[in-house]
Amino acid sequence: MNTAVSLILQRIVYSIGTLVLVSVIIFAAVEVLPGDVTARILGREAPIEAREKLRVELGLDRPAVERYFTWARGAVQGDFGMSLSARKPVDEIVFVRLRNTLILAAYAMLLYIPLSIIPALVQAFYPNRLPDRIISTLTILILSTPEFLLSTLLLFGLAVAFPIFPPLSQVSGAANPLEFLYMITLPAVSLAILLAVSGTRLLRESMIDLLDSDFIRMAELKGMSRLRVVLRHALPNALIPWLNATAINFAFMIGGVVVVERVFVFPGFGSLLVDAMQLRDVPLIEASVLIAAFIFIAVNLVADIGAVLLNPKLRT
Amino acid sequence: MAVQTLSERRRPGPLAVFWSAPSSFRIGFVLLAVHILLAVFGPFIAPFPQQQMMVGRPIQGPDLTHWFGTDQLGRDIFSRTLHGGWIVISLSVTGTILGVAIGATIGLACGYTRGWVDEVVMRLVEAILSIPFLILALLTVSMAGPALAGSPFLVIMVVAIIYTPRIARMARAAALDVVMRDYVTAARLRGEATFSVVRRELLPNVMGVLLVEFAVRAGYAPILIGTLGFLGFGMQPPSPEWGLMISEYRNLLTVQPWAVFGPGLMLSTLVIGLNFFTEGLARILGRSPVRNSK
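Residue numbers (the numbering used here), protein chains in the order written: chain S, 11 to 326; chain A, 166 to 459.
Among the clues, some could well be false.
Said to hold, decoys possible - Interface residues of chain S toward chain A, partial, derived using beta-carbon atoms under 7 Å:
| id | residue |
| --- | --- |
| 1 | F166 |
| 2 | F306 |
| 3 | V309 |
| 4 | L311 |
Hints were generated in silico from the structure; no laboratory data involved.
Since we're looking at a predicted model, the values are computed, not measured.
Here a beta-carbon is modelled for each residue, glycine too, at the ideal position from N, C-alpha and C.
All chains should be modelled from the sequences, with the hints used to inform the complete structure.
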């Protein structure tokens, strides 16, 4: 069989295995770990009858292995049971929030591409000179600023000091899609900047390395302009590692949205997760953590497959 | 260059060593030293007790008595910020040490023994790593239950739990590299006990990797702890932990932005100091730190 195809198949099987293992870990962490789940949800002072009622409702009177298989069978079909706090099916709640977050993520990704490529191009054009140094310092500063602080500062700058954007993303009040996008611009910009800094650093490193190589010298000796050399030769070659980093960045965004959505009160998957954890809504926690892990594994799988397909050694 | 014998060469003093270090190391060292001094002596030089209310008019901007202004309860924000330093630093360091110690033990043991135990443990590590780390942190706090909420012990445990699988993977990779070397084989052939081979041959040779890894992780721990505090899953009021302070003072942004800027500035400079220090340390040790392997 073809090497690339067998490698890809291997990655797919491995990813499915990891996902199954993650589901066991999540289930065990939430339901089997020492300590009474009902006491964790209701508090130790809760009356015995209330705890008994919840125990039956959660199905805790059945053995753990049986409960896991019931849960996993439902999860595969998209049925995660009923939310304890909202009294609605978990999949309904998650669907709306996940859709909101995916729109936010797509918007942020769109901003991420120019935000990470343009500064790196400027740096590659003036290596070790003032523009390069300024951008390098800025990226290090942003990299050292916690997500919650950076998005709070952006909120202060662009919604309080200069009220250009609304401070809260209350998208349910949006009249049309354009207003929706306007409302989520600030969280999208925050996410994009947070992700772009690492992309910029990586792209700069690889482009400056490339600009030192023989084929670039050759192009320069042929009399090609600096701009053409950077755009035609350095950038396309540096984009392959950047693409891989972008996939990892996208996976990291799952964690980043938790903070950014919280700051801008955006009704997305991240704030749903925090709410579920605070309310100790067991079915909702299990579902959302599993979905987060699923997205993470899927994105990494796509990145791996992309790397295999882009690797000229494995092409046939 | 002429051949010099060791005795003739003057031993460089600590100051000379410092000046010959990479500039990032020097900047990081100074920032870090200032932060540690402030963390240790801050509570004594703070002009007001951190919890004392109404030391001034509530919600006023910076002036000569209240450098960062006051909050809605009339507490002095500069004093609170000074009191927060040792909390952030001691929680970060303790949590990271715990995570590195457990992770390194697991990683080295797996790397040395191999076999099915290694296979099982590493699959588990991979699976845990596919839960985004912040979500795993929130899950841990949520599952610990209300009894432990806001305890420094829980925050330390969370940092350790997040770091353990990451360190284990690193330590295992480093161990696999060393295990192949001849001196390890020699030690094993001499009939030394497993524990003694791991401690005397393996550990000293992966120490550099572990040290850099420790510094990288310690540099991220203040952000992790701050994020937990900000989301309401870390330290609880009235603790002056910086992330928690920023979250408490967010709604004062319009009238008293210094309440957020003050602790924010401290947190950022601490992390910048740690990052520069790590980068310099890695360069001195001849290793590049693994960045962004969150």
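Now the hints, each set against the structure:
Taking 7 Å as the C-beta contact cut-off toward chain A, the hint placing F166/S at the interface holds, the least distance being around 5 Å. Here the hint on F306/S is kept, as its CB sits about 5 Å from the closest CB of chain A, short of 7 Å. Checking V309/S against chain A by beta carbon gives a least distance of about 10 Å; that is not within 7 Å, so the hint is violated. A hinted interface residue such as L311/S counts as satisfied when its beta carbon comes closer than 7 Å to some beta carbon of chain A; here the least separation is about 10 Å, so the hint is violated.
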